[in-house]
Amino acid sequence: MICIECPKGCQLTVSSNEKGEISVQGNECKKGARYGIEEATHPVRILTSTIRTSGLSVAMLPVRTDKAIPKSRLFEGMEEIRLIQVNKPVQAGEILKPNFLGIEGVNLIATRSIE
Amino acid sequence: MVIVGGGPAGMAAALSAAEAGGKSILLLERAPFLGGILNQCIHTGFGLEYFGKVLTGPEYAQFFIDRIGVNRQIEVSCRSFVVDLTSNKELTYLKPNGVETVRAKALIMATGCREKTREMIPISGTRPAGIFPAGLAQQLINMEGMMPGKEVVIIGSGDIGLIMARRFTLEGARVKAVIEIESTTKGLTRNVVQCLHDFDIPLYFNHKVKKIFGKDRVEKVRVMRVNADFSELPESAFDIECDTVLISVGLIPENELIEMAGVKIDRKTNTPVSSELNLTSIPGLFVCGNSYKVYDLVDKVTQDSEKAGQMAAEYLLKNK
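In order, the protein sequences belong to chains V and C. Residues 2 to 116 (my numbering) make up the first sequence, in order. Residues 19 to 338 (my numbering) make up the second sequence, in order.
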């Protein structure tokens, strides 16, 4: 697989032994090692999108999950985002929905400050 | 000192010029807000080098916007569109309430790029609605909240096209193919993975879109294989039904203003002929960011634009 943690895109080989222990080869840094294991067992992605605002100076507010969520739940995440209302000024980093998709420790946050 | 362009290049140059002693800096931006292209780049991939963090475009921009907001040496003028520049560094710009002129002692141009359009690559066929440069589609979705189309074919595997393949898909459209004329992608490999592989979007190397069909709206495209020298293989032609075509085949630095002022321009790249980073053939007139050369990473734009700000401040000191 190809690592997506940084622009280098190292070719990783991820394998497991009889004990089920996973090892990663081909990474040039620690992030790659972690990515290889995660991608093979439980792939995650950061979700970014936009929310229509009401009564603010900018029409669309860009948002993101502050941490990666399961890749299989990206479209579910898009549906959740559609339900959120933004009708007052917001700061970049502000939490719009804590425990996004019911995942502990993952929040949906604004990525731009809008009046 | 005047800086034209309030995107990542202009903002970094302004802050660095202020830090280097630039006393009165006027930052002109045509949009109603600072941030430039970063405002529509809502995806992550920014700031890994400069901040050591995984940031979205707007988050990266916000760091600079906030610092400019509290910097008394920098005056920001938004909704300000420069229409004329002379060899004496005199600028004329439009504002909502009229026309202004300013004479810059030191001038930094940070005007970024525009996109190549369908007309610049030879694709025959009709001219229906539904054909967009990829960055325009990005602006329509991310800034205006509009869906440009439902069934998409993307021409060019550059980063903008790849990013938009994912964006369209997440918003419920069907991206049927990305067509790349060369044998490798022009974009980052990570984008091929997270934008195409993740969503099973086919990427056709060594293929081109030969013709676009459609009366009022795009109806389909004809795709065919090409050789390494781009000669066509007509027997290989097949059609893909779609209502939208995105063009992602390259950026053109916007340097018409400095050309007006008499700066020497390299015709092939539309960038200033330059002996050293950010310099032009007119002393005291600097160019930084994507209008100097097309960058891959905004982190490098920031680094190089900070140098431009320093140089402009030093020029001011030396030429009181």
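Derived from the structure by calculation, the hints contain no laboratory data. Errors might be hidden in some of the hints.
Claimed, not checked - Just a few of them, taken from the derived set where beta-carbon distance is under 8 angstroms, the chain V residues facing chain C: (1) Ile3; (2) Ser50; (3) Arg83; (4) Ala93; (5) Leu97; (6) Asn100.
We put the CB at the ideal spot given by N, CA and C, even for glycine.
Here is what the structure says about each hint:
Using the Cβ-Cβ criterion of 8 angstroms, the hint placing Ile3 (chain V) at the interface with chain C is satisfied: the shortest such distance is roughly 5 angstroms. Because the beta carbon of Ser50 (chain V) sits about 7 angstroms from the nearest beta carbon in chain C, less than 8 angstroms, this interface hint is met. The restraint placing Arg83 (chain V) at the interface with chain C is violated, with a minimum CB-CB distance near 10 angstroms, outside the 8 angstroms limit. Restraint check, Ala93 (chain V) versus chain C: the minimum CB separation of about 4 angstroms is within 8 angstroms; hint holds.
Taken as an interface hint, Leu97 (chain V) does not check out: its beta carbon lies about 14 angstroms from the nearest beta carbon of chain C, beyond 8 angstroms. The closest approach between the C-beta of Asn100 (chain V) and any C-beta of chain C is roughly 21 angstroms, which is over the 8 angstroms cut-off, so the hint fails.
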